[in-house]
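Q: Respectively, the protein sequence lines represent chains A and B.
Letter 3 of the first sequence, counting from 1, is numbered 4 in the working numbering, and no numbers are missing.
Letter 10 of the second sequence, counting from 1, is numbered 11 in the working numbering, and no numbers are missing.
Please keep in mind that the hints were generated in silico from the structure rather than gathered at the bench.
These numbers were taken from a predicted model, which means no experiment stands behind them.
There is no bait here: all hints are sound.
Chain A stretches covered by chain B per the calculated footprint, using a threshold of three residues with CB under 8 Å from any CB of chain B:
1) 7-15
2) 22-33
3) 44-54
4) 62-70
5) 90-97
Even glycine gets a Cβ: it sits at the ideal position worked out from N, Cα and C.
Number of protein chains: 2
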Amino acid sequence: MPTSRKLDAVDHVALSVTDIREALDWYSRHFQCEVLYQDDTWALVQVSNIKLALVIPSQHPPHLGFVTPKAADFGSLKLHRDGKRSVYITDPAGNFLELLAAG
Amino acid sequence: MPTSRKLDAVDHVALSVTDIREALDWYSRHFQCEVLYQDDTWALVQVSNIKLALVIPSQHPPHLGFVTPKAADFGSLKLHRDGKRSVYITDPAGNFLELLAAG
Chain A
2 MPTSRKLDAV
12 DHVALSVTDI
22 REALDWYSRH
32 FQCEVLYQDD
42 TWALVQVSNI
52 KLALVIPSQH
62 PPHLGFVTPK
72 AADFGSLKLH
82 RDGKRSVYIT
92 DPAGNFLELL
102 AAG
Chain B
2 MPTSRKLDAV
12 DHVALSVTDI
22 REALDWYSRH
32 FQCEVLYQDD
42 TWALVQVSNI
52 KLALVIPSQH
62 PPHLGFVTPK
72 AADFGSLKLH
82 RDGKRSVYIT
92 DPAGNFLELL
102 AAG
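Please construct the entire structure, taking both the sequences and the accompanying hints into account.
A: What follows is the structure, encoded as structure tokens:
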């Protein structure tokens, strides 16, 4: 059972889609969500507990974005336009994870 | 920007892994998380805002599990051992989604 220690959070899940506009239309029609950002290569959608990124495979891999205070232990953090810093790694099975620095 | 309307939630993200024990060991070492369940075919891990399912591809597809009051609109719900009811669908790009009935 969960204890009271502070658990890490998943900031976002990035799914590969073939067409950003089509995907946004579909997710918006079927789920209660809010579109936070969109362009031709990716979009960001808010659901109640996480963000969902819709990405074109040629631009971004599908991945899971964790917030962890240990992000910098995994490699050099890249600064993004929104001020966040992160590094991409893979788990032992090859799943892409983006580790975002906490705070 | 998000409004005050109630947004749907993501219950869990299921990632394909090659070995459940190896994956659990890796995720437990690198993230603050709690193992809720494990057997040889899948495991369930709690992080602060969602659950992470680690699954063997032959048993379960990698997927995103949404909680939505409209789950039954997408097909016949299957009752699981834990009392939850859900249906699997795919989005237009072929991503698997599990829609769990709310409440």
